[in-house]
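Undergrad: Now for the letters of each chain:
Protein chains: 2
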Amino acid sequence: MGDTRYDVVGIGNAIVDIIGRCDDAFLSKHDLAKGFMRLIDARQADSLYGIMGPAIERSGGSAANTIAGVSSFGGNGGFIGRVADDQFGKVFAHDIRAIGVSYDTAPARNGAPTALCLIFVTPDGERTMNTFLGASTELGTGEVDAKMIEAASVLYLEGYLFDKPEAKQAFHTATAIAARAGRKTALTLSDAFCVDRHRDDFRKLVRDGVDVLFANETEITALYEVNTFEKAAAAVRGECEIAVLTRSEEGSVIVTANETITVKAEPVDQVVDVTGAGDLYAAGFLFGLTRSLDLAACGRLGSLAAAEAISHIGARPEKPLDQLARDAGLIT
Amino acid sequence: MGDTRYDVVGIGNAIVDIIGRCDDAFLSKHDLAKGFMRLIDARQADSLYGIMGPAIERSGGSAANTIAGVSSFGGNGGFIGRVADDQFGKVFAHDIRAIGVSYDTAPARNGAPTALCLIFVTPDGERTMNTFLGASTELGTGEVDAKMIEAASVLYLEGYLFDKPEAKQAFHTATAIAARAGRKTALTLSDAFCVDRHRDDFRKLVRDGVDVLFANETEITALYEVNTFEKAAAAVRGECEIAVLTRSEEGSVIVTANETITVKAEPVDQVVDVTGAGDLYAAGFLFGLTRSLDLAACGRLGSLAAAEAISHIGARPEKPLDQLARDAGLIT
Chain E
1 MGDTRYDVVG IGNAIVDIIG RCDDAFLSKH DLAKGFMRLI DARQADSLYG
51 IMGPAIERSG GSAANTIAGV SSFGGNGGFI GRVADDQFGK VFAHDIRAIG
101 VSYDTAPARN GAPTALCLIF VTPDGERTMN TFLGASTELG TGEVDAKMIE
151 AASVLYLEGY LFDKPEAKQA FHTATAIAAR AGRKTALTLS DAFCVDRHRD
201 DFRKLVRDGV DVLFANETEI TALYEVNTFE KAAAAVRGEC EIAVLTRSEE
251 GSVIVTANET ITVKAEPVDQ VVDVTGAGDL YAAGFLFGLT RSLDLAACGR
301 LGSLAAAEAI SHIGARPEKP LDQLARDAGL IT
Chain U
1001 MGDTRYDVVG IGNAIVDIIG RCDDAFLSKH DLAKGFMRLI DARQADSLYG
1051 IMGPAIERSG GSAANTIAGV SSFGGNGGFI GRVADDQFGK VFAHDIRAIG
1101 VSYDTAPARN GAPTALCLIF VTPDGERTMN TFLGASTELG TGEVDAKMIE
1151 AASVLYLEGY LFDKPEAKQA FHTATAIAAR AGRKTALTLS DAFCVDRHRD
1201 DFRKLVRDGV DVLFANETEI TALYEVNTFE KAAAAVRGEC EIAVLTRSEE
1251 GSVIVTANET ITVKAEPVDQ VVDVTGAGDL YAAGFLFGLT RSLDLAACGR
1301 LGSLAAAEAI SHIGARPEKP LDQLARDAGL IT
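Heads up: the protein sequence lines correspond to chains E and U, in order.
If you count by my numbering, then the first sequence holds residues 1 to 332, one letter each, in order.
If you count by my numbering, then the second sequence holds residues 1001 to 1332, one letter each, in order.
So that you can see chain E by itself, here it is in the shape it has in the complex:
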């Protein structure tokens, strides 16, 4: 095992979020499945943006949010993901570098514009996402920076990458590099519909190539096609070293071959926007792992970061997470 310059290196879709508010009737009227992510093409993106209310723009992307969170905790993060050479591309690159993450993927000079996600936030704080993948799908094996991955304690991948063949190939290339270098690989299942689209691939990957799996309740039950959380937790046990199952306000459950650890959710005054809750939970958990904290403490760091994320609009941390963790006595 060589030098680990990075705590966590993530590979994912490089996305700028466009966040607006709507009510539940709007979601029904436009056939948007509340709380889920769907892929849209450029034409659908234009049409959906046309009916959206006034919005704000903020950098996003699932794995990118996680790596931003790791950096905010004081960890060394790296990110691999493709933007175009346009205004949203500059925004994405700026924000991830400004929080301290190493990011060197060259912007695509031709082809589709930078990816965007139209996010509709309902009054209950739930988010419904519509993603135009644009330039992010031009991520290919050529962009997989082997030196960066070899130098990271943990490689972190988002399941959303499986939605495009080139990105899926980049994903497999990256996991092979990490395995050869003796590093850990972590995966988030991303979305229940995404799991439905790629169930067999995900099951195989969890068994053969993943050390740490993140999934929420709907994702893990979709993966094992069971109807209760308990059955899903039983099904995943032993499939990978650590399965981290998040349950929104009910907290999270960490499952290993011979342990089951329950972690409470961190209370929040008001849930403003749940976008990024899972991403930031993963940030806290992985940061704790790289600091060799016990699994319960890793889970508490995850809960802390998720609580910060849901207390404001947007998926990136607004308060320095290292300070919150120190105030909570979880790190020194």
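Rather than coming from a laboratory, the hints here were simulated on the basis of the structure.
Derived DSBU-like pairs (lysine-lysine); straight-line CA-CA distance at most 30 Å: (1) U:K1090 to E:K90; (2) U:K1090 to E:K29; (3) E:K319 to U:K1034; (4) E:K264 to E:K319; (5) U:K1090 to E:K34; (6) E:K34 to U:K1319; (7) E:K90 to U:K1164; (8) U:K1034 to E:K90; (9) E:K168 to E:K204; (10) U:K1034 to U:K1319; (11) E:K319 to U:K1319; (12) U:K1029 to E:K319; (13) U:K1231 to U:K1204; (14) E:K184 to E:K204; (15) U:K1090 to E:K164; (16) E:K264 to E:K184; (17) U:K1319 to E:K29; (18) E:K147 to E:K90.
Treat the numbers as computed from the prediction; the structure is a model and nothing was measured.
Fit chain U to the given chain E structure using the hints.
TA: Relative to the frame of chain E, chain U by itself:
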């Protein structure tokens, strides 16, 4: 006087704000004059963005914020201002239309990108602005929509337009159209440095072509080169029909030929970001005028809208202003 389809039509720079946080030491280190606006070129914008922390993007522009506010109160608003045919241009056009404003200025297909303003917000909520005018300066007489202006009760102009010769010419063309149609013209002085750059022009304009003038304390003292608010208020009396002088937490003073009306500021729990306070005050005041409310009630609507603007990041209203005005008993 023909039909007035619009309550207020604004002409201004069409800008997307990039908003980040910093401390006072950062402003000092980079020679940024706290609370003011400065113009920067493309190279300076790149360089300043490079040292900015993680940010969010949100539609802005002084007159555009005001017209968005008028629309949020339930008024009919129109806006004239130039963007480029790029991602920020689409964001600007989307947001102003989504709040109900008529906006038909064709995007510039060549030349500079859409204008942006790098806004640094300090912990006290004060904002320091750095504007790259980009495509907004390509606004010329050709874009001045005479039919729209003739159909508006009030033409509203931002002083910032004076910073570029073409936009200044468009400004004069617009005021001539409004005068011929028997409409009122309102002007905001925008910024004390802007006043310094164009003092003689502004004084002449206030006397000859402006019915309603908006200025804050530093702007009105800069205009008349006096050292107290009282002297400035005395100097402006009778120069135009109504001078509306805003004083942050001390409220506002409305000066006419034979009246001086003092209006309290609306209390807020926490000043998060003062960006847009003056713009939204003008929105409330002008909306009240078009509904023939008395001047004190116009001022209270202004205070209400300003208070909403400073209680969150960004200059556009987040809560429907008509609802706030009804709750406050100012409109029915």
